[in-house]
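There are 2 protein chains.
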Amino acid sequence: MQAVDGVNHAGESQKSDASSENLFPRPPHCGILPPMETELSKKLGVEHAIFGFTPFPAVAAAITRAGGFGVLGAVRYTAPDELARDLDWMTKHTGGKPYGLDVVMPAKKVEGVTEADVEAMIPDGHRTYVEETLAKHGVPELAQGEASGWRITGWMEEVARNQLDVAFDYPIKLLANALGSPPADVITRAHDHGVLVAALAGSARHARHHAEAGIDVVVAQGYEAGGHTGEIASMVLVPEVVDAVHPLPVLAAGGIGSGEQVAAGLALGAQGAWLGSIWLTTEEADLHSRALTAKLLAAGSGDTVRSRALTGKPARQLRTEWTDAWDDPSGPGTLPMPLQGLLVAEAVSRIQKYEVAPLLGTPVGQIVGRMTSERSVQAIFDDLTRGFERAVERLGRIAGRSDRS
Amino acid sequence: MQAVDGVNHAGESQKSDASSENLFPRPPHCGILPPMETELSKKLGVEHAIFGFTPFPAVAAAITRAGGFGVLGAVRYTAPDELARDLDWMTKHTGGKPYGLDVVMPAKKVEGVTEADVEAMIPDGHRTYVEETLAKHGVPELAQGEASGWRITGWMEEVARNQLDVAFDYPIKLLANALGSPPADVITRAHDHGVLVAALAGSARHARHHAEAGIDVVVAQGYEAGGHTGEIASMVLVPEVVDAVHPLPVLAAGGIGSGEQVAAGLALGAQGAWLGSIWLTTEEADLHSRALTAKLLAAGSGDTVRSRALTGKPARQLRTEWTDAWDDPSGPGTLPMPLQGLLVAEAVSRIQKYEVAPLLGTPVGQIVGRMTSERSVQAIFDDLTRGFERAVERLGRIAGRSDRS
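Chains as they are written, first to last, in this note's numbering: chain A, 12 to 416; chain B, 12 to 416.
Just chain A, same shape as in the assembly:
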């Protein structure tokens, strides 16, 4: 099985799980903990209302196996056959339990524009700034003929549509879209396949647009989240979105990495928690860079920044000398999406390949401060369900309710 950058495959990390019979060494939670059950979790047939977003099939499958809902991020897949291969693997390694797919499909469609057209829109001055910044840190070039492994082209509608052509052949239960509502025909197609459609929202206004577009689930993603975020923090955003789209179910995203935080998200009215960052340093994840894993494990909650450096839209990520260079008022500044992503794609590949520490970063939320050791998905999941239980018990005591006996 050929490795794809940023994706960890069965053959590499799941060697002991060669047959699906061996996938479930013990029933999750051994029956000790009750499920975390909401209307949405029941609808999706999932034991715990914990949704895990990850670019790694091995992580997504492990989340689903643990009793959560694994959501595979598709943005890094350029070739449809690579996505097909990984969805094959996911399906084999989730034993019939539900999982989903996350695509990045822009709400605004630009007709007939190719990647080459978009590349041509990038000013020379910005290309020079990329090279100067890399040169300042002595970042080597890629080898002659070596392709840039790191590309985010999945947000171009053409690419996302190719992904969907593949995805609907697999038993996905949820299709999430990271940028705006998906086009109407995609929503219809998903519904025809019995697939729920989710969309991320950073404000109540966005969430209302999604609801009007006919989506089924809103992921309210707060300021503290990794990746693309708005400025409203989860504590305020989640109940605003819950109110705005009632009775649609809402997932709380942003700042969640413990069971207590899951409980907080649910207390705010969400029907589940959506966690992304926390899986980046799991044993099943494969960032292809020990230096990056080490940076994530060392980073505190104050070591991220909301920057346009990576995609052209504000996305929370590790603060690095790379983000500083793009956020520097004396630099050329960033380009709009999708130009910025194309502009920096090869540079990011070079930084990652040669592990140039001061420039090395990744999208991650403020919860990075809690990511201090590499652990299995199952261990983190057990912490989440136990922490949730503890929080609910404690709240019950504070409210003067008798403990369950």
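Certain hints may be false.
[To be verified] Derived Cβ-Cβ restraints for the label pairs, each shown as a range: (1) A:I133 x B:A146: 38 to 46 Å; (2) A:P340 x B:G156: 37 to 45 Å; (3) B:T102 x A:E332: 51 to 59 Å; (4) A:D176 x B:R301: 54 to 62 Å; (5) B:A131 x A:L153: 55 to 63 Å; (6) B:E50 x A:I133: 55 to 63 Å; (7) A:S341 x B:D338: 44 to 52 Å.
Keep in mind that the hints were calculated from the coordinates and are not lab data.
Computed from a predicted structure; not experimentally measured.
Yeah, the Cβ is synthetic: ideal placement off N, Cα and C, and Gly gets one too.
Assemble chain B onto chain A, guided by the hints.
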């Protein structure tokens, strides 16, 4: 009773409450709701672990009467006798129930520096920019000899110490400090009077400093809060601070204005919730400006900004053309605390007096989006306790616990 700017007095708003016998028209919650009880709430002798910070004695007293813990902000009191008069009033109107005081005492002491010395440090260019910005909006001057009503001098240690000389004569149960830990002798003095000391923290590091300084309670104030804030959102900050200062009690602040949000804060490990913004539009509050109240009621969660415009340190407030002027890269920028506060004091008075809408603002958190009507403190308090109950019930159901019957 002479009115002090920004402070609402008994004689103005509590006319029907002339005698303390009439202050408790009905027992709070009529015995329907159980208390919201934590170790800290028991220690302070308060029914519900809801702490309300406010510059208005009438609001603080109403919070305490409702079964919460009212904390009066002292920063606007320049004259000790004004503070004494309002603490007299508070004591009479809380019927023996506990309340606290919030001062702003900088951690760093500057020996022998007077207000005049500090005034002299302000560059002329900044004074010119103030006048130009006011002129652009046609803001009239104050009348001849009219004093600037809006001054924030309480953060000068001398002023804060005068406040403390007054405060310890009253039965305050908690002394909170908004900027760093109070000096060691103040902590000792508070403890000698049986007064707990709280300090606000925007990061786990700040919180650890407070704990080492010997304070008793940490208020973990998230990014979404009104007033001085850091960059870490409550969802991430609260559990970090809880872990950092264990076993000291932590209050969750920032983004809290509903009972569901109180539940979320407590789920994160806090022993209570600390609410400030939500009281600004209560019937008992007196902003001395209908235009400002109207702006607050109309503002959404996205209409605030974390700006240095008011004090020189980042403080969340309504975004206005005044904050825009100071955050404008082509302007002179802000001065460090306490210079900025002194620089803008008279200007803010003029803007407030003449209610110049585009410039009119106030510190407030992202929860401002939930402040859509003027209500009594008791009505808000009832919402908080009922919403908390609802959230705890719902979490119990999600966790598979049977409802209280």
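These are the hints, each one checked on the structure:
no.: 1; hint: A:I133 x B:A146: 38 to 46 Å; result: 43 Å, holds
no.: 2; hint: A:P340 x B:G156: 37 to 45 Å; result: 44 Å, holds
no.: 3; hint: B:T102 x A:E332: 51 to 59 Å; result: 56 Å, holds
no.: 4; hint: A:D176 x B:R301: 54 to 62 Å; result: 59 Å, holds
no.: 5; hint: B:A131 x A:L153: 55 to 63 Å; result: 59 Å, holds
no.: 6; hint: B:E50 x A:I133: 55 to 63 Å; result: 59 Å, holds
no.: 7; hint: A:S341 x B:D338: 44 to 52 Å; result: 18 Å, violated
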